[in-house]
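Following the hints, complete the assembly by docking chain E onto the known chain V.
So the sequences go chain by chain: V and E. Going by the numbering used here, the first sequence opens with residue 1, and the numbers climb by one from there. Going by the numbering used here, the second sequence opens with residue 1001, and the numbers climb by one from there.
Where hints are given, some of them may not hold.
Unchecked claim - One side of the interface only, derived from the structure: several residues of chain V facing chain E at Cβ under 7 Å: (1) L92; (2) I100; (3) L222; (4) L262.
Source of the hints: derived by calculation from the structure; they are not laboratory data. Glycine is no exception: its CB is placed at the ideal position from the N, C-alpha and C atoms.
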Amino acid sequence: MFWITGLFNSLAFAAVLFLLAAGFSLIFGLMRVANLTHGAFFMLGGYLATSAIGAGFWVAVLAAGVGCALLGGLVQHLLVQRLAGRELAQVLGTLGLSFIVADQCLLIWSGDPIPLAAPGFLQGAARLGVFAFPLYRLFLIVVAALIAISLWLVVERTTLGAKIRAAVDDREMARATGIPVSRLFTVVFCLGSALAGIGGALAAPILSVYPGLDTEMLPLALLVVILGGIGSLAGALIGSVLIGIIYIFGQILLPDLSYVILFLPMVVVLAVRPEGLLGRQAA
Amino acid sequence: MKSAVLFFLTAIACILPFLLPGNFYLGIATQILVYGLFAVSVNILAGYGGMVSLGHAGFLGVAAYTYAVTSGTYGFSPWTAVGAALVIGTATAAVFGLIALRTSGLSFLMITLALGQIVWGVAFRYTDLTNGDNGISLGRGTVISSDPLTLYYVCLAVLACVMILLAAFIRSPLGAAVKGVRDQPRRMSTLGYNTWTIRYIAYIVSGFVATVSGILYVQIFQFISPHALSLTVSSEAVLMVIAGGIGTLFGPLFGAGVVVLLKNVASAYTDRWPTLLGCIFLFIIIAMPEGLLPGTRRILAGLASALRKGAPRTASLQQNPRAR
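Same shape as in the complex, but just chain V:
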């Protein structure tokens, strides 16, 4: 009973983590940019959704995705591209930006946690024998799975995906064959940021939105990406499930030390495979 419910909650949390980490990993894998604004986008997505909830839940989620995609595009165009080739400057630039975004969120939406109501038909729980599964968490798992599948299809089965993979493997050669690498970068940056925003909006009904959410979630996303292997979608999926399970069970069993046990998977994986479970050997 306890284990099933815990596992279910872990998977729901893993779904949120996946939405957050997949975008980060996508951007990192393609552009070698560690976008530290990603956590702030997640929080911003949540806030945007709470403001747009009047127009309905789906509109709110859409607003979060579009808002973050636009902002992500701007960041890519105005900041990341300008610092092309300077990895460290890009990281620190996005870090500086994350402070600004988080602080403006605090200014606009104040310091109190803002809850977000799940749509009516997703309230309540599905009963299966003695177990009760909250519908909204089920929904989160399904959505994350659908997004994972569509991302995989896009990357593996479409021309756009083939171009992205080509640009990841060899940027110069991809350029030489006429692939508009810079535009691809912008597209991927928007897509990744949109995923973060949608993740934040979808997570709001279970986590609610509050200042500090960004710095709480960002390290988890980093752990997911480090564990799973940078740039690997499947890795992000496995990493999310792993971190989700450890985090949720840690909070139930050892609430004081739930953060410390996040160490364990990192230590084990880095000791055996420094490039992450499904990561490629560093070139």
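Only chain E this time, still in chain V's reference frame:
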């Protein structure tokens, strides 16, 4: 010339308390010393080792909390607490180093960030030990001194010792090896140097200095809370290093002076320090990645030559090569 400037600045630092109008300003000067020491610790890794850490506030926090718990909660003498903090802080660095140094470059940066946030999480959640968000306040007698003037000179003396030792370390063969591993890891490895061990030593030295700054931190504020361990604090230290000039001995101290002064001035007018911090970050990274002093010099030189003839663009690429 350089040693004359150094002598002059040291002399100023020694008589500074008597030039300042009151304890408030003396407190800020002491803060600059402590944050300067903290920035120096980040610079050992980032500047000389080519490894930028975004989790150094974790070491500051571990040291400060160890001190606060041993001295405040359990009532040991301040000096016992200093010893405990030194040991546990450095041991933490030794453990974190084993994990973080499995990778390099951006992955290193991401792992240090995650490690730092894990320490923050422990400080925030493990309320039995750390008193959670409320933090731990230290009363009279649990710190080495409560007198602002004594604290200033203690911090100055510690900083001076660290700087002298650090200068010796950088000039030593080991220091040269650290820089060699930063610039040419493969060549150093071919020459028979154990690059991992050299990086690990740099990491521990850096963690040790951060630990010392953490002990001083808890002396001057007599208070420690999770906010002192936040990502913002780690980032501020990186900003101090970049603003002052990455990989220079005294640059981080200058950077610390600028950032602490700005923070104190700004807090008098606005609550929006994070926004301002972010803007300074962007400004320095885009306009003067080599640091405020060389950056200003370059821009002035650029202006001067632009006045004479067209506008030549000096290379603004960061000169300091990163570990790949």
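The hints, checked one at a time:
1. L92: Hint holds; L92(V) Cβ to chain E Cβ min 6 Å, cut 7 Å.
2. I100: With Cβ-Cβ at 4 Å, under 7 Å, it holds.
3. L222: holds, 5 Å
4. L262: This interface hint holds because 6 Å falls under the 7 Å limit.
When the structure is compared with the earlier hints, no violation turns up for any of them.
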